[in-house]
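Using the hints provided, position chains B, C, D, E and F relative to the given structure of chain A.
Residue numbers (numbering that gives the first Met the number 0), protein chains in the order written: chain A, 0 to 242; chain B, 0 to 242; chain C, 0 to 242; chain D, 0 to 242; chain E, 0 to 242; chain F, 0 to 242.
Hint data in this document are derived by calculation from the structure and do not stem from the laboratory.
Accuracy of the hints is not assured; some may be wrong.
No distinction is drawn between identical chains; accordingly, a pair holds when it is met within one copy or between any pair of copies.
[To be verified] The calculated lysine-lysine pairs, modelled on DSS-like cross-linking and capped at a C-alpha distance of 27 angstroms, are: (1) K63 x K143; (2) K139 x K63; (3) K64 x K143; (4) K64 x K93.
Below, each chain spelled out in residue letters.
6 protein chains.
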Amino acid sequence: MKPILKSKLVPLLAFGAHPDDIEFGCGGVIANETHAGRAAHFVICSRGEAGTHGTPRQRTEEAKKSAALLGATIEFIELDGDAHLEARVAHAIKLAAIIRRVRPGILLAPSLVENQHPDHAKLGRIVRDATRLARYGGLKELRKSPPQAIDQLFYYAVTTEAEPRDISPVLIDISAPEIVDVWTSAMAAHSSQVRARNYIELQLARARLNGLRAGIDHAIALFPNDPLVLESLFQTNRSTRKF
Amino acid sequence: MKPILKSKLVPLLAFGAHPDDIEFGCGGVIANETHAGRAAHFVICSRGEAGTHGTPRQRTEEAKKSAALLGATIEFIELDGDAHLEARVAHAIKLAAIIRRVRPGILLAPSLVENQHPDHAKLGRIVRDATRLARYGGLKELRKSPPQAIDQLFYYAVTTEAEPRDISPVLIDISAPEIVDVWTSAMAAHSSQVRARNYIELQLARARLNGLRAGIDHAIALFPNDPLVLESLFQTNRSTRKF
Amino acid sequence: MKPILKSKLVPLLAFGAHPDDIEFGCGGVIANETHAGRAAHFVICSRGEAGTHGTPRQRTEEAKKSAALLGATIEFIELDGDAHLEARVAHAIKLAAIIRRVRPGILLAPSLVENQHPDHAKLGRIVRDATRLARYGGLKELRKSPPQAIDQLFYYAVTTEAEPRDISPVLIDISAPEIVDVWTSAMAAHSSQVRARNYIELQLARARLNGLRAGIDHAIALFPNDPLVLESLFQTNRSTRKF
Amino acid sequence: MKPILKSKLVPLLAFGAHPDDIEFGCGGVIANETHAGRAAHFVICSRGEAGTHGTPRQRTEEAKKSAALLGATIEFIELDGDAHLEARVAHAIKLAAIIRRVRPGILLAPSLVENQHPDHAKLGRIVRDATRLARYGGLKELRKSPPQAIDQLFYYAVTTEAEPRDISPVLIDISAPEIVDVWTSAMAAHSSQVRARNYIELQLARARLNGLRAGIDHAIALFPNDPLVLESLFQTNRSTRKF
Amino acid sequence: MKPILKSKLVPLLAFGAHPDDIEFGCGGVIANETHAGRAAHFVICSRGEAGTHGTPRQRTEEAKKSAALLGATIEFIELDGDAHLEARVAHAIKLAAIIRRVRPGILLAPSLVENQHPDHAKLGRIVRDATRLARYGGLKELRKSPPQAIDQLFYYAVTTEAEPRDISPVLIDISAPEIVDVWTSAMAAHSSQVRARNYIELQLARARLNGLRAGIDHAIALFPNDPLVLESLFQTNRSTRKF
Amino acid sequence: MKPILKSKLVPLLAFGAHPDDIEFGCGGVIANETHAGRAAHFVICSRGEAGTHGTPRQRTEEAKKSAALLGATIEFIELDGDAHLEARVAHAIKLAAIIRRVRPGILLAPSLVENQHPDHAKLGRIVRDATRLARYGGLKELRKSPPQAIDQLFYYAVTTEAEPRDISPVLIDISAPEIVDVWTSAMAAHSSQVRARNYIELQLARARLNGLRAGIDHAIALFPNDPLVLESLFQTNRSTRKF
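Isolated chain A (complex conformation):
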């Protein structure tokens, strides 16, 4: 774990409960950012050892290959293990330490909707709390690294069911063909998973549908934890107004 930053830009930090969650939930967004020269770093919180398909070793390899395809660095951490995650403060402190080390501007985490794989919503909550703990100056476990305030936390949804109903989404345009191609390859790199179920088709159908809503080719919906602050109304001048 040495040099994470590949550019001078403030990096993007994405958390996944399992080796493939980031790719299926928002891999196209990652590809879009790294393609534009920004650094991205993945933190994976289990080896997927409770899943029906793939061994921990296979899944680790798949995740590394996939992150490389997306141009992201990757690390694995131990919390409670796959399907055993609890929303403990100790975990939030651990993630806060990573935030202080990586010093990202933007974070990505699984959504808080509870009706999905239990680890997803719990990790989302742990990350949300970690972004606050990373800011508090008196936390003795984190004394060695200076506090870090991030700019924004976005949630991704691995399935339609996991999309929050109480936050207005923002859609990220990932229409450039090379982005969709890289994303598809990154998903396909999780071969133990995609062999068994049609995850790739699910995600591309979701992205295509979001693209049709916006009159573009493909888009991924993300859900900001806090209201966006804009310099001007003209800072974002596109919306979903096609049908």
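Just chains B, C, D, E and F, lined up with the frame of chain A:
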């Protein structure tokens, strides 16, 4: 009604049910945009003739003076009269014709929350529908002008009660002192109104509170009708994360 | 307008604001029911004369052809005209008279979500009210026909944006290949529309995505106006639990 | 704990935090299903030892008697004890093991609404997560039994306050007099509880009110965790449309 | 229509779309207030002429008898007729004139939930807007009477379905036996209606259920249009905390 | 910790996660009640040791000084420590014991909204559950003190973000100048905190804004956990109806 555009930028179009609604609801946002060189045009749908204070003539003059202070052009139209507005299709077609004439990128309209002055929510609905009618090619009343698709419709809230609870707000940073000054002058120009009630204090308190949420001086919350579409996560890298 | 019923089953009655709304919003559901031998009848409330593409005559022909492909009968009625619909009581009484004549068990209408083509939400509200007026015995305009209480009103959504967020959907399984084929042909029959925009792809992507949620090929989400009443928990023993 | 199944039908599995929760929350539904010949099994997660009335021994006896009246088998398990339940993953794994053993089609659990007895919402969340864990092939604690995917999870509400506001209910018709009688007897069997408070009247009033909504004698509202999937619109042709 | 006020207290003003709506929706609350010596006045906006049972003449007589039992004065006004009500501004102005004449502190109106008899939600909206128009000083139709600001507008729900889900209810304790008796008599006075359907049982079941929630005999839920303002936390020291 | 009660009135009990939460979230309400002669007692669940500013010793002193200014007694308890709080049942039992000892009528706790300092929402949930445990007669840890049922639990919000969106607020009028003065002094007593950030301005702006909504000077919004039960509609005859 000749030259509306003061610059080559796609103009901003704001609708108000009464002569002072735009100023009280989002005048700081207008000042912020015209200060940056963008054109803004106001369409006022009554002379405030049912209000407790001020004559129609006074209120028209106040609105003109206020628009000039904000750097906006202004026109008055007749719908059903103050406190008499109905959400008729004929009105939406009338506003759609204005949209086709002005050809704005961004629209501002009062929010759809019904628990406020009845004209506000109705005008919001008329504007929302007008943005669609402006796009439909076969509408015979609008045959003379080519269809126009806007980029985004934002709602403003004249009071706290009028803030929608089902749309995540975006906050527009209006912290530059000259912006707040111009906005305050524009509100004060409605002297028949501000003499009777503490509207200016209300709006500045709201803007200060939004500013405190975002760690800046002042901000105004707007509510996008449709999800924003971004090129990149880094297109908007600020959020309300201060407390 | 003679014999509507093709079988002894209580018929299905579907309302559309424009000649293609039923097909795009829930055509697969119609095909599924007529394929099972149930009668379906369409009531179309405009000729699409305000749309960008197609003449009223063309669109009428397209709708007739499409209804025939789906095995449904069809009639056109005049309300206020395309893009001019108002939610008048007189219209609800007119539709209530149709309900009393057709005597359906189940109704389909566009959803009440207002952020879509203005005619859609208004027609949905008119139909909802009409189902009540059809039941009231003292309505003098309807004196000639006996009151009729329907069993259920389902809303369909022509776009993702039009899906209600405050009603839990039910998914109708339309996975049989012949159903999807017939539905696709029926949408394609609206050739003036599908030439200009990728409506068919939009609807098939939505249906495929719903199918993936449920572990089946294709499904269409409908939104019941009133809680379902079941004889037993085992009456419906399938749900979306695949991802 | 030997032969649970009394018929060839896929059994119904109901979880209760306390000895009387299933009966008060949805006993009429149980009676309705067992009366139709389906097997039902209860899992009770405490002896009610923190309650104001009744000893653990009494309450165990009451629950056994009540289950017998309803035609259900019953077992007691130890989690954290009455009023001490925590939503631990270890508990979800324990319940997942029961799901794999009983292999039910339909599950009943207390609702997730937090403003009720704390054990209820926590048990609801544990059961919801357990239904997912029961499906995951790699969970080493459950290695001995094959994965099991259920058809549907319904929540019951022990009080009006516990009814979810974000899920559309389905109403189960329990109007047959023998069903209401059996249910009433089953509630009365919890004599230590009903002596102190008017629980029976509360539940019958709720069921009668739901019946009146649907134009029938009595009904119980349940809340599906996931959207229902139907073969046809005509699969459920009744709704609450009486007033 | 001469002396409405029977006491020096600021009167209560209740609006009903049909001759029996106030009684079924909140008659117990009326009885509770008049019993305490407060004046109540009813404004009925149709003769129920579209209903299945009862002639306009019968229903007028029933309403008069029922109001007398409740200790309220009553007047009938003409809007659009039963089942024909539209939410017109002209109606709101008409009701605002009544508000200025009666000068009430508290208003009661049917809830805004649209999935009920169409006249109910429309009347609720008309009343809500009328309370604002009654305050505006420049409205020329109302020039003769001085503006009147009410203290609070409460909505009542004629059925369970009509209870708003986005407003927290307040429960009014109507447990005194004489109150329930008077209320029951007032409902029974609508003999043309109660002969045909079990309305009285419906309302008493709802009130009993609300009473059980609060640990009292009977209560009626009302829904305040605007947040309550209290002098002290101890001004209302009871809540629903019994189960 | 001897004589808590200063009057014969049932006391008010307020819980804070950190030494300054009660003051910033609802200090004006406390001042308002003690000014009227009611007893108030604070329970503080950490020494703020994870905060950026102030030592635990300083913060303890500040809290004591502030409570004294507000006329409240204060005690500190140990749960998991600042920024380490978990929503454990053991904590709820500990707080239930305090409730049984203090025997309050009204409780104040931080809101349940999760997007704030993690300790706040967790403490809110612990208090909510504690109010139920305090009532259960069989809880062996609490055997020594008789059960206690409170009248109402109100939530306070330390920031705008922490205001619940699913509960209608009640506004407490704190307009008397001496109340605002005392409150301001009590906030200022937390000098380690207010030196670093503009908390006092934030809270006064919020209270002023709520005051403007209600046409009074200052008000604080609280959120009742359970519906209020009123003797009469006239028990609370004020609402926010000024703009």
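Right, here's what the structure says about each hint:
no., hint, verdict
1, K63 x K143, "neither (29 angstroms within a copy, 32 angstroms between copies)"
2, K139 x K63, "between (33 angstroms within a copy, 25 angstroms between copies)"
3, K64 x K143, "neither (33 angstroms within a copy, 33 angstroms between copies)"
4, K64 x K93, "within (25 angstroms within a copy, 36 angstroms between copies)"
Of the numbered hints listed earlier, those contradicted by the structure are 1, 3.
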